[in-house]
Every structure is written in structure tokens, then in C-alpha cells.
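Put together the whole structure using the sequences plus the hints.
Protein sequences, first through last, are from chains F and V.
Residue numbers for the first sequence follow the numbering used here, so the first one is 1 and each next one is one higher.
Residue numbers for the second sequence follow the numbering used here, so the first one is 269 and each next one is one higher.
Read the hints as simulated data drawn from the structure, not as lab findings.
A couple of the hints might just be wrong.
As a list, the in silico PhoX-like pairs of lysine-lysine whose alpha-carbon atoms are at most 25 Å apart [said to hold, decoys possible]:
(1) V:K480 - F:K112
(2) V:K364 - F:K169
(3) V:K300 - V:K315
(4) V:K515 - V:K485
(5) V:K480 - V:K451
(6) V:K293 - V:K364
(7) V:K485 - F:K268
(8) F:K88 - F:K207
(9) V:K364 - V:K300
Counterexamples of contact, computed for chain V against chain F with all Cβ distances above 12 Å [claimed, not checked]:
(10) G287
(11) V291
(12) G302
(13) K344
(14) H345
(15) A348
(16) R363
(17) D428
(18) I436
(19) D444
(20) H462
(21) S483
(22) K485
(23) I514
If you want the ones that stay clear, here's a sample from chain V, every Cβ over 12 Å from chain F, calculated [unchecked claim]:
(24) N285
(25) D336
(26) K373
Quick caveat: nothing in here was measured; it's all calculated off a predicted structure.
In this text, a Cβ means the ideal position worked out from N, Cα and C, and glycines have one as well.
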Amino acid sequence: MNTNQEKLTKAIARERKHIKNKSRNLLFTSIISIVVLLALWELSVQLGWITTRFFCAPSEVLNALIEKLTNRAPDGATLPVHILSSMKISMIGFLMAVLIGTPLGLLMGWYKPVDKFIRPAFNLIRPIPAVGWIPLMIVLLGIGLAPKVFIVFLSAFVAVVLNSYAGIKLTNRAMINVSKTCGASNFTIFRRVGIPSAMPMVFTGWKVGLGLSWSTLVAAEMLASNDGLGYMILAGRQFMRVNLIMVGMLTIGVIGLILFALLNWLEK
Amino acid sequence: MAENNEYKVEVRHLYKNFGSLEVLKDCNFNVKRGEFICVVGPTGCGKTTFLNLLTCLLEPTSGEILIDGKPANPKKHNLAFVFQEPTAYPWLTVRKNLGYCLSLKHLPKQEIAARVENIARLMGLSADLDRYPSELSTSTEQKVVIGRAFAMNPDLLLMDEPYGQMDIKTRFYLEDEVVRIWKELHSTVLFITHNIEEAVYLADRILILSQKPASVKEDVVVDLPRPRDINSPEFVRLRSYVTDQIKWW
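Structure follows, in C-alpha cells:
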């Protein structure tokens with residue numbers, strides 16, 4: 001190795017270290033934001049800026065959370081039971097949306113007749129928010145698992161279909177033509193070029209769908225349920241237990257975050 | 269129609285209209301087996317339409333294209349196409365990319381593997397077989413596309429300004445590569461370009477298209493010895509001749 005190369009290697013190493021330090025500093029900034037938020041929250045209660053009758057400090061939320069891990073009062077189930085029940089519904093609904101919505105979106109994007117056939121119905125249903133289905137579903141299916149799964153499914157379904165559709169529409173013409181000149185049939189091209197090239201967008205659809213399914217779930221549970229995190233929040237209101245409400249909200253936030261991180265990791 | 273085994277491709281009275289717009293008008297030419305043909309013509313004269321007809325991406329309005337005496341059909345004939353933009357499939361490794369067209373033709377796995385190894389060796393891609401196109405430089409990626417086309421042992425290899433967007437150095441390098449592999453595999457190549465120097469450098473024969481509606485205006489035989497010297501008087505003479513033909517219609 002000559003000296004020039006050595007210099008270059010050293011410079012690159014220095015640059016890498018610099019970038020690493022920079023990203024570490026940025027991470028520190030993010031941590032500070034959370035700490036400041038928690039501190040302000042705690043202080044606002046401790047200093048009596050907000051009346052504790054309707055609000056509680058993070059320390060108290062934490063206490064309530066630990067207590068709720070094992071205590072069934074006042075709503076009849078422990079926190080893990082609620083979480084499990086919510087997870088079950090949102091996962092079933094989300095997986096159904098992925099399994100039905102992805103192929104549907106891809107087929108609509110590739111085959112014109114399928115698009116023309118499905119699109120009018122799809123466009124009619126699309127503007128109705130998933131939550132708007134709740135009353136009808138309660139009447140039709142009661143307050144068991146089915147109506148909630150359906151509502152979760154619907155909210156994720158729209159995002160999954162739209163993204164798969166857009167993804168396959170963006171397939172590069174020239175890449176299609178390469179296969180065409182090799183004599184490949186339209187279906188073969190769909191399978192071997194269209195689908196793989198749509199995958200990044202399909203994944204975005206799954207991510208958006210997952211987020212939607214989790215947040216819609218809570219709404220569904222608040223109206224038609226006797227367990228689950230949404231139900232727990234509602235019970236908190238009925239029993240005037242602000243700490244319970246906030247435990248529920250925080251749990252939803254944290255689980256949503258974990259699910260999102262999980263999917264991000266899977267994508268890689 | 270008389271069978272003539274000497275010709276790989278015969279194009280007869282080819283017309284193409286888009287509505288009232290005439291793009292091709294009475295194109296006639298033949299390509300001999302193993303010939304390297306360049307097609308040049310003024311910008312926008314319908315070169316790409318011309319290629320799309322040959323590969324059956326478009327239907328001609330009238331006229332016929334025969335390969336080995338039979339109407340061209342991508343399901344029966346081995347047609348390979350190298351497009352202007354990079355078309356290596358980004359989700360496949362170089363190995364899978366090189367074998368892609370072969371697998372579409374349902375060749376046995378061992379056969380594909382053997383041909384891929386062979387073409388990778390020819391193109392100097394053996395070290396990159398398990399990498400993805402995004403990890404390669406643009407010129408290497410284009411080599412993958414060219415390799416994929418040659419791997420088919422195509423009846424006819426069509427190239428549509430494959431080096432249009434490359435810098436001069438890469439271009440010279442890839443031109444030499446194409447000539448080398450073409451000689452090695454005895455393929456028949458139809459190469460579209462707007463770069464006249466490139467055409468004179470590569471071709472056995474240059475087809476000059478006229479302004480729209482395009483037909484074959486002139487058929488120039490280039491019988492310079494290879495490798496060609498772009499500064500030799502003969503080369504320069506031919507280049508300026510072809511340039512003049514394109515300029516004054």
C-alpha cells in the first residue's frame with residue numbers, strides 16, 4: 001500500500017467515526033425530548049398546575065400500571081388479559097386485510113377488467129370510515145369477536161389495497177418488455193416482474209395498515225366490547241379512575257411503537 | 269415466398285401507422301446470419317417503433333417480418349432486447365438476472381447454470397454473480413443486461429441505443445465487449461444508435477433510415493478490418509458520408 005492509499009484509508013476511517021458520533025448525538029437529542037416531556041408532565045402535577053382529580057403524574061401512571069398487571073379491579077380483567085384480547089383482534093383483522101387486500105390490489109393494478117369490476121364498489125366503500133361501520137356491525141354480529149375483527153380488517157384493507165395497486169402500476173415498462181420479448185405470457189410477467197417490483201410499496205401498505213388496524217381497534221372496543229384496552233379506558237372513565245385511562249393510552253402507544261419497529265425490522 | 273437460408277431476418281414492405289400518422293413506410297431489408305447491423309437515422313424518425321415491431325411489441329399495419337423464413341414470434345424465436353434504460357431486475361442477483369430469460373424459456377436447470385457460468389466468464393462478471401444490481405456500477409449493470417441477452421443465444425439480438433447514456437470511456441469499452449462476444453457466439457445483432465461513429469465502428473452494414481415516414485434510405489456496407497481505428501482515413505470518410513446522408517434528406 002502506498003502512502004496515498006494509506007492517507008485515504010485514514011481519512012475514510014476518520015469520516016466514519018465522525019458520522020457515528022453525529023448519529024450518537026442525534027440519538028441523545030431524541031432521548032432528551034422524551035425526558036423533557038416526562039419532566040414537564042410530572043412537574044405540572046406536582047406543582048398543582050393541573051388538578052389531580054382529572055389528571056395524574058407519570059409516576060402515578062407507572063404505579064397504576066404495575067398494580068394493573070395483577071389486579072382485576074375495577075373492570076374485571078388484568079392488563080395482560082386486555083392486551084392479549086386487543087392483540088388477537090387486531091392481528092386477525094390485519095392478517096385478513098393483508099391476505100385478501102394484497103392480491104386484490106395487485107390484480108387490480110395489473111388486469112384492467114378486474115380493476116373496472118372492483119373499483120366502483122371499492123370507491124364507494126372507501127370514504128366510509130371504518131368506525132362508521134360499528135353500529136351496523138353491532139346490530140348484525142353482536143359484540144363478540146366478529147364485528148371488531150371486521151372493522152379492523154376494513155381499516156387496514158383500504159390502505160393495503162391502495163398501496164399494492166399503486167406499487168404494481170409503477171412497474172417499469174422496459175422491464176416488462178424484456179420479459180415480453182422473451183415470449184413470456186402476461187401472467188408470467190405479472191408473477192415474475194410485476195409482483196417483485198411492487199413489493200416495496202406493498203410493504204408500505206402493510207405498515208400503514210398495521211398502524212390503522214391498531215388505532216381503529218381501540219375505537220371499536222370502546223363501543224362494543226367487554227374486554228380489551230379500549231374497553232379498559234372506557235371503564236376507567238366510568239369509575240373515575242384517571243390513572244387507568246392513562247395506563248390504557250400509554251400501553252396502546254407503546255405497543256403501536258413496538259409493532260411498527262417490528263415491521264420495519266422485518267422489511268430489512 | 270422463396271425460402272432463402274442465407275437470410276436470418278427478412279423484412280418486407282413494412283408499414284406502421286399510428287392513426288393518421290405514418291411512422292414507417294415500405295421498409296425492406298434483409299439481415300444475414302451472423303451479421304452486425306447498425307440502424308441510424310434522424311432523431312424522431314421512428315427507430316424505436318421500428319424495433320418494437322421487430323420484437324412484436326407492436327403489430328405492423330401491414331407487411332411482414334420473417335425470421336428463418338417464418339413470421340417473427342417471441343414465443344417461438346429467441347429474440348433478445350437490450351433497452352436504452354437499465355433493465356437488470358433489482359430484486360434478482362446477477363446470476364438470476366443472467367439466467368432470467370432462459371428460465372422463461374423453461375430450459376433445464378443445469379443448462380441454465382452452465383450457460384450463465386459461460387456468459388459470466390465471457391463478460392468478466394464471474395466475481396459478481398451473487399451480488400445485486402444496486403451494488404454494481406452503471407456500466408457493469410449494463411454488462412449484466414447485455415450478458416442476459418447474449419445468454420439466450422438469440423436468433424436476433426436487438427439493441428436500442430444501449431450506450432446512449434454512458435460516458436465515452438465506458439462506451440468504448442462496452443462497444444469492444446459487444447463485438448468480442450458477438451464474434452465468439454456468432455449472433456445476429458441489430459443495433460440502433462444515433463451515434464454515427466458508433467455505427468461505423470461496430471457495423472458490418474449500416475441501414476440509414478429517412479425522415480418520417482421512415483423507410484430504409486440506404487444500405488452502407490462497412491468492410492473495414494476489425495478492430496477498427498477511428499482515426500484512419502477510411503473510417504473518417506465513411507463516417508462523414510453517413511453523416512451527410514442523414515443530414516440532407
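- Task: Beyond 12 Å from every chain F Cβ: check whether that's true for R363 of chain V.
- Result: holds (16 Å)
- Would I436 of chain V pass as off the interface with chain F, using Cβ distances and a cut of 12 Å? holds (24 Å)
- Confirm or reject the statement that H345 of chain V sits farther than 12 Å, beta carbon to beta carbon, from all of chain F. Contrary to the label, H345 of chain V does not stay out of reach of chain F, its closest Cβ about 8 Å off (not over 12 Å).
- Message: Would the non-interface assignment of G302 of chain V survive a Cβ cutoff of 12 Å against chain F?
- Response: holds (20 Å)
- Query: A348 of chain V: least C-beta distance to chain F exceeds 12 Å?
  - Reply: Given that some Cβ of chain F is not farther than 12 Å from that of A348 of chain V, nearest at about 7 Å, it is violated.
- Item | Non-interface claim for V291 of chain V versus chain F (Cβ beyond 12 Å) | holds (18 Å)
- Message: Quick check for students: does the CB of G287 of chain V sit more than 12 Å from each CB in chain F?
- Response: It holds; G287 of chain V is separated from chain F by about 21 Å at its closest Cβ, greater than 12 Å.
- Message: Please verify whether K300 of chain V and K315 of chain V have alpha carbons no more than 25 Å apart.
- Response: Judged against 25 Å, a Cα distance of about 20 Å means the pair holds.
- Message: Verify this label for me: N285 of chain V is non-interface relative to chain F, using a Cβ-Cβ cutoff of 12 Å.
- Response: holds (21 Å)
- Interface-negative label, H462 of chain V against chain F, beta-carbon threshold 12 Å: Answer for H462 of chain V: holds, closest chain F Cβ roughly 18 Å.
- Message: Beyond 12 Å on every Cβ pair: is that true for S483 of chain V relative to chain F?
- Response: Correct as stated: the minimum Cβ-Cβ distance to chain F is 24 Å, above 12 Å.
- Restraint status (C-alpha distance of K293 of chain V to K364 of chain V at most 25 Å): violated (40 Å)
When each numbered hint is compared with the structure, violations occur for hints 1, 5, 6, 7, 9, 13, 14, 15, 17, 26.
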